[in-house]
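Use the sequences and the hints to build the structure in full.
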Amino acid sequence: MTVQTGIQPISAVRRVKDRLVQVLVYLAFALAVIPLVSVLWLVVKNGIGRLDMEFLTHSMRNIGARDAGGGAYHAIIGTLEQVLLASLIAVPIGLLTAVYLVEYGEGGRLSRTISFFVDVMTGVPSVVSGLFVLAFWILVLGMPFSGFAGALALSILMMPVVVRSAEEMLRLVPGELREASYALGVPKWRTIVKVVLPTAFTGIVTGVMLAVARVAGETAPLLLTVFITDSINNDPFNGPQMGLPLYVFDQAGRPTDTAIDRAWTGALTLILIVMLLNLVARLITWWRSPARRR
Amino acid sequence: MRRSAFRRSRGDGPFRFASTGAGVVLLAIMAAIGVFLVVKAVPALQANTSHFLTELTWQPNATEPVFGIGALAFGTVLSSLLALVIATPVAVGVALFISHYAPRRLASVLGYVVDLLAAVPSVVYGLWGVAFLVPFMLGPSKFLNDYLGWIPLFGGDTVVGKSMLTASLVLAIMILPIIAAISREVFLQAPKMQEEAALALGATRWEMIRMSVLPFGRPGVISAAMLGLGRAMGETIAVALIFPATFKITFQVLGPYGNSIAANIANGFGEATEVGRGALIASGLVLFLITLLVNMAARFVIARRKEYARAAA
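Protein chains in written order, with this note's numbering: chain A, 1054 to 1347; chain B, 3 to 315.
Hints may be right or wrong, so weigh each one.
[Unchecked claim] Per the computed footprint, the stretches of chain B lying under chain A, defined by three or more beta-carbons under 8 Å from a beta-carbon of chain A, are: (1) 174–185; (2) 278–287.
[What the hints assert, rightly or not] Simulated crosslink set (DMTMM-like; lysine to aspartate or glutamate; CA at most 25 Å straight-line): (3) A:K1070 to B:E197; (4) B:K194 to A:D1120; (5) A:K1070 to B:E209; (6) A:K1247 to B:D14; (7) A:K1098 to B:D117; (8) A:K1070 to B:E198.
[What the hints assert, rightly or not] Taking beta-carbon pairs under 10 Å as the criterion, some of the chain B residues facing chain A (in silico): (9) P91; (10) L112; (11) A121; (12) T160; (13) T206; (14) R220; (15) L229; (16) E237; (17) A268.
Read the hints as simulated data drawn from the structure, not as lab findings. Heads up, the beta-carbon is just placed ideally off N, CA and C, and yes, glycines get one too.
Next up, the structure:
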């Protein structure tokens, strides 16, 4: 056996393998970006043409199957109301659940069960949450199809996202802050309300906005609960409403070119709203948290 | 923080009650989903003149309702598995790219670009799929059929763009960011000491990754893939626009066949009668149970990994 001295050069086979994997990894990234670019490019190219004032201020009422014109005003109003109502339901429940998990749960059986089912709830398909609201709210309780029914379905999809992000943020609040508050004789609940929640506030807002962005684009639950209408309906508690994703689905299913054009413009509007929410949320995180990781 | 450490203040009880209550409400919702789906599914199942689990056709709106989950469940599972097979290798590559290959400064920005894929609403993918991917896939599908037709999956006489393969490709694009994001987090947690030790011993970057990062990350990648599988199964609108909505069990993914439970709900709801709605709810219950099982299994793997990571730290 000979003792080798000095540093041996890396053999050709190992070098080639290393390079090959590097190329594959770069290729994988390129492969993932291609569809994103393709989707965004097509949506902008096909959607920009109809993105005018008429589209943003008119509904589809009295617009015949083959007519041009018409807009998504009713759908934009519907989406805003539905998402707002969904947030009003999901944010308090989600936030309180996160508070329970972090401050009161103490790793007990209930907190572990809730934590597990929050994770499982993240995986509930959006169409199932729509079916649930259909079965429970509309068929069993006899409520009408409405924007509020859609908001209920969306809130089910929002809750686990809000819980997880809020929980993560609450855990980042240093224990010393809580202890300092307790040492001053402040009761636990006031410590949570006055010290813990304000400290985590921006993080929680970010999480909520990401959750809103996620549900704003959901179509399936709305299809089953909000129904479809071509008219403006400002009342989310009564009668069928429209939603922007639903509008895109509805128009895409119509056979004429003018309808397809409207679908693309609807898609562009929807993407702009969702991307804007995402971007603002990211900016808040990036801005407010100094080097959280790496 | 032990409770007994302080004297209870007056506001504490209600606040603790409210936050515990919120958690219990979450559990109740999960239970209610199951219960009410069953409640509304049972009457339709009783009206069914065929066997729900084995019947292939779907005519719940007829005077003598005949419907079964067979073909739909098959389509759901096949399209999701195909999507998983396509997406996982790419997603692992993307995750490695961001965690170990991309320049440090660019990594987080590039990671955000991949996350944007998840921000595109599913209906937009559907529109893109119908307008662009369906015609585009005709060529590659013909190629697969001509040269790899001896593989049953790519066999068959008719080749179309509106096929199971195209739908699976859209699903793959949609679950890719989920698998990539979780894998990336896991790869980033790989013990730095081991990586540096491997490099110090003269390993190339790939050898270091194969010896220290991949073994550490494997359970994480598996559970990420399962979460992606669950997501693919429940995906509705994008595939509802692409699937040709047939009720046939076949492995020929290039032909004009394909449907899924979720797509069938979206497409069939408009004209459903009372029994029809019940039937759709029954199919939704099956979907709920399948995704529940897949997700629980995935979470179980993750939970085990957490403990392992803590023990290793």
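Exercise. For this structure, which hints from the list above don't hold up?
Worked result: 4, 12 and 14
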